[in-house]
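Colleague: For reference, the chains in residue letters:
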Amino acid sequence: MVKRHKYSNTFVEPDLPITPMLDMSFQLLAFFLMTFNPSPIEGHMDMALPKEMGDANSSVAPPPDPTKEEPEELTVQVDATDAGAIADIRVGTKNITGQSLGSDSAKMFANLQARRKDLGDKPAKVRLECGDNLSYKLLIKLMDEIIRAGFKQVAPALQDDRKKK
Amino acid sequence: MSHGSVEKCEPNMTPMLDLVLQLVMFFMLCANFLMEDVNPTVRLPSAIQAKPLDKSEEYVIILNVNDKGHLLLGRDKKAETLTNRIQITNYMKTKHEADENRRKNAEKRGLPEAKWPKYSLIVLRAHENCTFKQVNEILLACQSAGYQDIQLRAKVQTASR
Numbered sequence: 001m002v003k004r005h006k007y008s009n010t011f012v013e014p015d016l017p018i019t020p021m022l023d024m025s026f027q028l029l030a031f032f033l034m035t036f037n038p039s040p041i042e043g044h045m046d047m048a049l050p051k052e053m054g055d056a057n058s059s060v061a062p063p064p065d066p067t068k069e070e071p072e073e074l075t076v077q078v079d080a081t082d083a084g085a086i087a088d089i090r091v092g093t094k095n096i097t098g099q100s101l102g103s104d105s106a107k108m109f110a111n112l113q114a115r116r117k118d119l120g121d122k123p124a125k126v127r128l129e130c131g132d133n134l135s136y137k138l139l140i141k142l143m144d145e146i147i148r149a150g151f152k153q154v155a156p157a158l159q160d161d162r163k164k165k
Numbered sequence: 166m167s168h169g170s171v172e173k174c175e176p177n178m179t180p181m182l183d184l185v186l187q188l189v190m191f192f193m194l195c196a197n198f199l200m201e202d203v204n205p206t207v208r209l210p211s212a213i214q215a216k217p218l219d220k221s222e223e224y225v226i227i228l229n230v231n232d233k234g235h236l237l238l239g240r241d242k243k244a245e246t247l248t249n250r251i252q253i254t255n256y257m258k259t260k261h262e263a264d265e266n267r268r269k270n271a272e273k274r275g276l277p278e279a280k281w282p283k284y285s286l287i288v289l290r291a292h293e294n295c296t297f298k299q300v301n302e303i304l305l306a307c308q309s310a311g312y313q314d315i316q317l318r319a320k321v322q323t324a325s326r
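Line by line, the protein sequences give chains A and B.
Heads up, the first sequence is in the numbering used here, so the first residue is 1 and it goes up one at a time.
Heads up, the second sequence is in the numbering used here, so the first residue is 166 and it goes up one at a time.
Derived from the structure by calculation, the hints contain no laboratory data.
Watch out, some of these pointers could steer you wrong.
[Unchecked claim] 16 Å max Cα-Cα, derived EDC-like pairs, lysine to aspartate or glutamate:
1. LYS298(B) x ASP132(A)
2. LYS141(A) x GLU293(B)
3. LYS216(B) x GLU42(A)
4. LYS233(B) x ASP132(A)
The following block holds chain A by itself, in its conformation from the complex (with noise of 0.2 Å):
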């Protein structure tokens, strides 16, 4: 006669060791943990660069384009002191020289919120003529301001470059 197997319809159940998946865990996260180096959040300025073919020496320049409305050219001329702090800002167009509007940044950038205003939705772009001794953080601050009052196109020089061409 053959012995039959009693089969057991016991319910079991299923154990799943949590212990080393959490160790494993620990040791991802401490990795991560270590590696992590959280830096201030960079952004970037964008700048009208003039375009010159070949050597930076060189004056050529792309011809104009007659299909596109030429962009009013603004002026903004800023004297720096010896410590490259800003001595004096005059805002003009490109062949009239502005008036002093002090050391402030406030009026220079009140004088362009204005002039954007007068001059609508015609393009305009601002060419920043800064002295050599100017703090490159100024630079960026007066870029930042001529921004937020609505030209969007910038273009910094050297205030002697104008004078060589």
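With chain A fixed as given, assemble chain B onto it according to the hints.
Modeller: Just chain B now, kept in the frame of chain A:
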């Protein structure tokens, strides 16, 4: 005296594992294994209008400039520096040659010009204490080498007014 059966008391690890995995996911998403050529000694100026970075640019050359206006060639404090315009122009010309070679290879492979790799974008990270003249020298050196696409980097500042 009879002793009762000993019951094993195990803490429930599942919620702890769940939380640890959440933390691991957060740090994994924040991890940046592809380190940019960013020199941490360069302290950037702040700007409210600084635009967020465009990560879609394929070829980017990051130029770090210290407070003396010298170009740093590395991420360390003691990185090699290029101090004058001629050295910087020569350095940028070698980079431009590499870009030209990349484009020539694409041309040899028979790709149309529209699909050739673009010239590298120049990202200038200059220390806030250097002068505009020093930064301008570097800009002119980049233009002399043939680069026109240049960006100035700044720390994004939230508007307080």
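Colleague: For every hint, state whether the structure bears it out.
Modeller: Each hint tested on the structure:
no., hint, in the structure
1, LYS298(B) x ASP132(A), "holds, 5 Å"
2, LYS141(A) x GLU293(B), "holds, 10 Å"
3, LYS216(B) x GLU42(A), "holds, 8 Å"
4, LYS233(B) x ASP132(A), "holds, 14 Å"
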